[in-house]
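**Q** Could you fit the two chains together into a complex? Lean on the hints.
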Amino acid sequence: MSTIPSELPAGAAAAPVRRLRLPQRVRGPLLAIAFPLALVVLWHYLVVMTGTRLVPTPYQVGVMMWDFIFGGIHDDAFSATIGTHLLASMQRVYGGFALAIAIGVPLGLLIGKVPLIRQMLDPTLSLLRPIPVTAWLPLSMIFFGLGPRSAVFLVFLGAFYPILLNTIFGVRSVDIRLFEAAAMLGCDGSRMFRQIVLPAAMPSIFNGLRLAHGFAWILIVVGEMTGVPTGLGSVIMDGRTLSRTDLVITGMIVIGVAGFLTDRIIVALNNWILRWSPQHHG
Amino acid sequence: MDDPAAKPRRRFLTVRDVTKTFRVGGDTVEALGRVNLSIDKGEFVCLIGASGCGKSTLLRIIAGFERPTAGQVELYEQAVTGPGSDRGMVFQDYALFPWMTVRENISFGPRQKGMAKKYVAEITDEYLHMVGLEKFADRYPQQLSGGMKQRVAIARVLANECELLLMDEPFGALDAITRESLQLELLEIWARTGVTVIFVTHSVEEAVLLSDRVVVMTAGPGRVEADIAIELERPRDVSGIEFNQVRRDITQRLTSHVGRRELKAVA
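Protein chains in written order, with the numbering used here: chain F, 1 to 282; chain X, 1 to 267.
Next comes chain X alone, as it looks inside the complex (with noise of 0.2 angstroms):
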């Protein structure tokens, strides 16, 4: 991780005292319990935990999807009320337009604004190149493969200007290789772009490879465990005898909450 010290401190994204509970049937379930979390302009945050522990729920709080039971999203210090154009979601299915091409779901944002259709075109372009996908720019979703289909849902969010790419287990169904070289495209597009990442996963190599910071998040209610740097330099070898630390060291955290937390139930 860059030294924090060195950037321009400005409150970028601060989630506030955020709980989440949801009634299902008679009952009520805490989903999230305070969680508290500031991520600065830049940075690359992996959320990661069991399933169940409320990871996606905060992304999608933060995403304005969902509304907290108590606290707040704050963007630049304003509450997050609503989903906006500030903030994009990946999903892990995709949730491209079917019936829009390539260029027309990238192009969505920008045709939302109204701006000018040479602008719109432009932008286009520019993000079709920049995921590789001149070639099938006309193409519907259904004729992709799911990891074309996730490149189209990055260039959608990043052609729209979001600030914000929030991404949910989005390359969780893809296989091993094709996750290994979108991780590589997502990190060059990170550094060209300098948008800030969330991203939740609940691969710990992934976490470790891809962040500057990793949230560690525990179940029942969903909490906040621990909150690592993660000060490898990049680009970062998965074999690398530090790399190995790092990961051991994290999974341990998630491995032992979850021990204690079987004890618990047992008791």
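Isolated chain F, as found in the complex (with noise of 0.2 angstroms):
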């Protein structure tokens, strides 16, 4: 019985291969859920081993984001108050990351391709881009003032850097040919620019995309120590100055799902827009 005609055609040898293994639409989200799954088991364990009273356990993290969410547990300041929240979060954040796009790119995309404006501005752009983001914080707060548009401004900041830098590299690697074809076709100035330059150096700009995105909810936190009154990040400094773990971490979680969420919706448009090519795919 060991032994397997070799006439056997493909299908019949591998069918009880197949019986071992979970279909693959299950296996996939089962092994992503089981890590952290995991993970929590182990946060709980912990937290009642050692007896700790400054980090809450998993349950009580679940209790507050019951609480943060719908209310009528804590009845407090927090109460049901996720939807404000989130969406002073998610304007500044997307704020930021629309201000970095919205500059980022074309700036880029000249840096890359017009060797005068690279020579004129690289070496200043160089120079600022290793200042940290947080050491701009006071010269944010005298600019803007003590508000939203303080965090815009950070999270602009921190997203501007990577969209730039990968669409400048998006733009040196394309194939010189292809310009070269375009320009033999009738292709020129801005038109070359919209339709030659942008979408050759897509893939970079993607990559550099999803990497500021993840920089903007990163620098949400900070944006928002500058005193604001909503916001995740505030909820996150709020908790810390009560020393209300739970609530911490509740905010620290919503940030992870909103960051993640968003991620996603870059990732697909990332494979609609670079349908043309399958190895980009996130």
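By construction, these hints were calculated from the structure, which means they are not laboratory data.
Careful, some of the hints might be misleading.
[To be verified] Cut-off 20 angstroms, straight-line C-alpha distance, at most; resulting in silico cross-link-like pairs (SDA-like, lysine to any residue):
1. X:K113 <-> F:W276
2. X:K135 <-> F:A183
3. X:K113 <-> X:E163
4. X:K113 <-> F:L178
5. X:K113 <-> F:K113
6. X:K113 <-> F:D188
7. X:K113 <-> F:F193
8. F:K113 <-> X:G82
9. X:K117 <-> F:Q195
10. X:K135 <-> X:M115
11. X:K113 <-> F:M192
12. F:K113 <-> F:L178
13. X:K113 <-> F:G186
14. X:K113 <-> F:R194
15. X:K118 <-> X:E134
16. X:K41 <-> X:I189
17. X:K41 <-> X:Q72
18. F:K113 <-> X:F65
19. X:K113 <-> F:S190
20. X:K113 <-> X:E134
21. X:K41 <-> X:E231
22. X:K113 <-> X:G132
23. X:K135 <-> F:G189
24. X:K113 <-> F:F179
25. X:K113 <-> F:Q119
26. X:K117 <-> F:C187
27. X:K41 <-> X:T19
28. X:K117 <-> F:R191
29. X:K135 <-> X:E163
30. X:K41 <-> X:T21
31. X:K113 <-> F:C187
32. X:K113 <-> F:E180
33. X:K41 <-> X:A70
34. X:K117 <-> F:G186
[As the list claims (entries may be wrong)] Have a look at the derived ranges for each label pair, beta carbon to beta carbon:
35. X:A70 <-> F:R264: 58 to 64 angstroms
36. X:E188 <-> F:R172: 36 to 42 angstroms
37. X:E126 <-> F:L87: 53 to 59 angstroms
38. F:M120 <-> X:G25: 23 to 29 angstroms
39. F:M120 <-> X:E126: 45 to 51 angstroms
40. X:G71 <-> F:A135: 57 to 63 angstroms
Glycine residues also receive a C-beta, built at the ideal position from the N, C-alpha and C atoms.
**A** Below, the structure is given as structure tokens:
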């Protein structure tokens, strides 16, 4: 029984193997959930074993999350306020992110393609780049005041460089023959940017967008430290001052989920726009 | 070749005293040393020579991608100053726009001219049909074989109504069977459209099969060594006696020169 005659069609030989494995559609999500689930279990037992009162159990965080979303448990300033805070943070994250795209992509295209602009701007931008975004915090509070605009500015700064650098890289790595081909077919000037430079740099630009989007969510906490009353960052900061770690962790989880979902949207957009190039799919 | 006297002599393309030197590090490399060449409308000319003889450089200068160091290229007695839609290059590595479908690649030239959509679609369909890719119109270049990609590249420049087709070892990367069928298709297209073709190759057989004239180039610096009219009847038989005589003759010219150069190098 152990030997399978080689004349058997491939499907017959593969069948017993397939039976051992779960269907791919179930296997993937199952594996993806198993690891964080194990972490939560570990978290629970570590808290229980050490008896610490500084870190809440997953259950306590779950209760806080419920209250944050639906209210009716603690009935305090944070009950059922997720909408307000999430919306405020999203506006700032996407505002800063959109601003970074609106400036970073065109500037990157120009720096990548026009030597004059590259020579003029590249040294300055390279000099400013190593400055941590957090170091801009005092200045941004002077420029934009103690409000949401300061947060938008910080998010913008953090998202700007990954977008700019990846766009420049994308433009510079375009096969020069594509420009030659476009030129001989009668394409020039600004049409060259829209029709050739931009789409050719798109895979690299999307790399930049995903990185920048991650930074944008990271920086929202810093940005909302500037004394704004709403936003997930301010919730976390309030949680810290009030020693309510369950609130801190709840805020962290909401940021994580929101960032994850937006990343999925960016990936879906990436896969649609780059449908011509399967190896660039996320 | 058709009797040149029978054709109305119109000065189509003239390469006049073109030289090209490149700076590589601190050295100057002379890629082309005074090349003169004149090509009539409708001719099929092959440039042949060992690698490094400047044949691709000459083609790129004609295309307008590179400026000659001295001399000039004239099309209809007008100096060529840059790339233009009257000349279309077909690259060895295709250089199709990977984010555009076959249809979008072919319609790229007409779209630049701002033609009406209906007219663009008509032209595109015509050339899709000419290269036999109607079924693949909505595929992306990545989903095509090498031979199909090169068909798209040819259709793309023809749809742009280019008068001079510049082909830089276009079939060099293809397998023998695909190359053969593309050679025949190219001849058909050439006969049908009356486009002028300059075709760079290093295959003597390919040059003799395709062209009215074979321009033999030699290296160090690149120059025209011989300009040979191929007067074999079309369609040509690659295995025929006459064909092989011509082929042997050209091969000899190529190899004798290479031999001489090596002797010079030894001395």
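**Q** Are the hints correct? Go through all of them and say.
**A** Outcome of the hint check:
no., hint, verdict
1, X:K113 <-> F:W276, "violated (25 angstroms)"
2, X:K135 <-> F:A183, "violated (28 angstroms)"
3, X:K113 <-> X:E163, "holds (16 angstroms)"
4, X:K113 <-> F:L178, "holds (18 angstroms)"
5, X:K113 <-> F:K113, "violated (24 angstroms)"
6, X:K113 <-> F:D188, "holds (11 angstroms)"
7, X:K113 <-> F:F193, "holds (17 angstroms)"
8, F:K113 <-> X:G82, "holds (18 angstroms)"
9, X:K117 <-> F:Q195, "holds (17 angstroms)"
10, X:K135 <-> X:M115, "violated (24 angstroms)"
11, X:K113 <-> F:M192, "holds (14 angstroms)"
12, F:K113 <-> F:L178, "holds (13 angstroms)"
13, X:K113 <-> F:G186, "holds (7 angstroms)"
14, X:K113 <-> F:R194, "holds (16 angstroms)"
15, X:K118 <-> X:E134, "holds (17 angstroms)"
16, X:K41 <-> X:I189, "holds (15 angstroms)"
17, X:K41 <-> X:Q72, "holds (18 angstroms)"
18, F:K113 <-> X:F65, "holds (17 angstroms)"
19, X:K113 <-> F:S190, "holds (14 angstroms)"
20, X:K113 <-> X:E134, "violated (23 angstroms)"
21, X:K41 <-> X:E231, "holds (17 angstroms)"
22, X:K113 <-> X:G132, "violated (25 angstroms)"
23, X:K135 <-> F:G189, "violated (34 angstroms)"
24, X:K113 <-> F:F179, "holds (17 angstroms)"
25, X:K113 <-> F:Q119, "violated (33 angstroms)"
26, X:K117 <-> F:C187, "holds (17 angstroms)"
27, X:K41 <-> X:T19, "violated (24 angstroms)"
28, X:K117 <-> F:R191, "holds (18 angstroms)"
29, X:K135 <-> X:E163, "violated (27 angstroms)"
30, X:K41 <-> X:T21, "violated (29 angstroms)"
31, X:K113 <-> F:C187, "holds (9 angstroms)"
32, X:K113 <-> F:E180, "holds (17 angstroms)"
33, X:K41 <-> X:A70, "violated (25 angstroms)"
34, X:K117 <-> F:G186, "holds (17 angstroms)"
35, X:A70 <-> F:R264: 58 to 64 angstroms, "holds (59 angstroms)"
36, X:E188 <-> F:R172: 36 to 42 angstroms, "holds (41 angstroms)"
37, X:E126 <-> F:L87: 53 to 59 angstroms, "holds (55 angstroms)"
38, F:M120 <-> X:G25: 23 to 29 angstroms, "holds (27 angstroms)"
39, F:M120 <-> X:E126: 45 to 51 angstroms, "holds (47 angstroms)"
40, X:G71 <-> F:A135: 57 to 63 angstroms, "holds (58 angstroms)"
Hints 1, 2, 5, 10, 20, 22, 23, 25, 27, 29, 30 and 33, counting from the list given before, are not met by this structure.
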